[in-house]
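Trainee: If you're matching them up, the sequences are chains A and B in order.
Residue numbers for the first sequence follow this note's numbering, so the first one is 4 and each next one is one higher.
Residue numbers for the second sequence follow this note's numbering, so the first one is 293 and each next one is one higher.
None of the hints are false.
In silico SDA-like cross-links for lysine to any residue, where the CA-CA straight-line distance does not exceed 25 Å:
1. A:Lys39 x B:Phe328
2. B:Lys316 x A:Glu22
3. B:Lys447 x A:Ser48
4. B:Lys316 x B:Gln458
5. B:Lys389 x A:Asn11
6. B:Lys370 x B:Thr394
7. A:Lys7 x B:Ile462
8. A:Lys7 x B:Gln360
9. B:Lys437 x A:Arg24
10. B:Lys316 x B:Asp303
11. B:Lys370 x B:Gly313
12. B:Lys316 x A:Asp29
13. A:Lys7 x B:Val387
14. B:Lys389 x B:Glu355
15. B:Lys316 x B:Arg340
16. A:Lys39 x A:Ser13
17. A:Lys39 x B:Tyr294
18. A:Lys7 x B:Glu335
19. B:Lys370 x A:Tyr36
Don't read these hints as lab results, they were simulated from the structure.
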Amino acid sequence: MPAKIPSNVSEGTQIPDFELRSLAGDMVRPSDYRGKRLVIFFWASW
Amino acid sequence: MYADIRSNNGDILSVAVDLQGADKARPYHEQAGAEFVTVVDEENSLARIFGYRAIPNGIFVDEEGNLQFQQYGGFDIKNAETEGLVSAFISDGRVSKRSQATFDGPASDHFERGLAHYQSGDIEQARSVWRAGIALDPENWNMRKQLWAVENPDKFYAGKVDYGWQREQIEQGQ
Numbered sequence: 004m005p006a007k008i009p010s011n012v013s014e015g016t017q018i019p020d021f022e023l024r025s026l027a028g029d030m031v032r033p034s035d036y037r038g039k040r041l042v043i044f045f046w047a048s049w
Numbered sequence: 293m294y295a296d297i298r299s300n301n302g303d304i305l306s307v308a309v310d311l312q313g314a315d316k317a318r319p320y321h322e323q324a325g326a327e328f329v330t331v332v333d334e335e336n337s338l339a340r341i342f343g344y345r346a347i348p349n350g351i352f353v354d355e356e357g358n359l360q361f362q363q364y365g366g367f368d369i370k371n372a373e374t375e376g377l378v379s380a381f382i383s384d385g386r387v388s389k390r391s392q393a394t395f396d397g398p399a400s401d402h403f404e405r406g407l408a409h410y411q412s413g414d415i416e417q418a419r420s421v422w423r424a425g426i427a428l429d430p431e432n433w434n435m436r437k438q439l440w441a442v443e444n445p446d447k448f449y450a451g452k453v454d455y456g457w458q459r460e461q462i463e464q465g466q
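Chain B extracted, bound-state conformation (with noise of 0.2 Å):
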């Protein structure tokens, strides 16, 4: 498919939303076998820009750089319709599905403030932020899988990542 999107005069720009660093984004970027770039936003700098607070998400950009489509949530590449969307894009530059632009509203700022703990070297202040702010906004996905992340990380860098066990937490209620 990539090689398509090259040759119609279209890229792929993708961006992992992986606060542990391009050492943890490396083997899926090289699993997947890559051609396209991809760059890591440790600091979840672009949620901050376009509002979002969970992912997969797609952003359509035409030649001179104005915003044509936008999905959060959902924009899963490996989708037949999501394909069928890029597909259309790169070829013509139409889009033929309405933009999903709204997001719901971060009920806490707790993601930013464990954030700042993460970073400064606080795992344990960080976790317990995390902890209460997923107890306020249980929706928050990047917010609990990065809580996730750090506290089992047997759970997602060893090997594939562990959806089962996701999905046992979910059930659990953590």
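Looking at chain A on its own, in the form it has when it is part of the complex (with noise of 0.2 Å):
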């Protein structure tokens, strides 16, 4: 069994802020989203 890892970003703390294209063409990083609260879900077609 592989040891565990933490993750590496923890609760309280600012998450990195990514920047990846949308479907619609644009860039979108978390920080557009200052002011709400957002829900980030990651999935996969497969």
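Dock chain to chain to rebuild the complex, using the hints, since each chain is given by itself in its own frame.
Mentor: Encoded structure:
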């Protein structure tokens, strides 16, 4: 069994402000949602 | 549900971890009638940032950009428990469940090495590295499913994903 490793981010700290392109073609960052509560959901077609 | 989230000054950001690009992710976004934004992580870059090796995952972020909850694996938005967690957080910032903030450590770096070959166009080499990696690291679902999708596109991209076929692969030890 591989060892359990902690997430690179912890509760109460800023999440990394990554930038990715949306299906609509815009560059999007979590900081674009500042002032709102945000749920980020990771999935794949497979 | 999304209308409720928006009216409570909340939002959803969906991240498709699809190494084969936006064209593969788009039909799922459209079929779901999704009104929220979907971004595509073709290079699996967020797995490196956060550390995860499997999906589906969820992360809750408050108004100031601080992380309030994280769950790696089993974060299925169609599941009633998950839906309840999301609704409660959006409406008052409350999270009733403890974060699941650990994952199995990587047994190997084969996923990254195979991905480098895949992106440079050497599909054969990518397949061979991923196969070797799965032998060492059988619980690495990002790697296993990526290999399946590259080798059997008809099971993934011709209409519905064939989960029965995936179960057969697991039973056969593929």
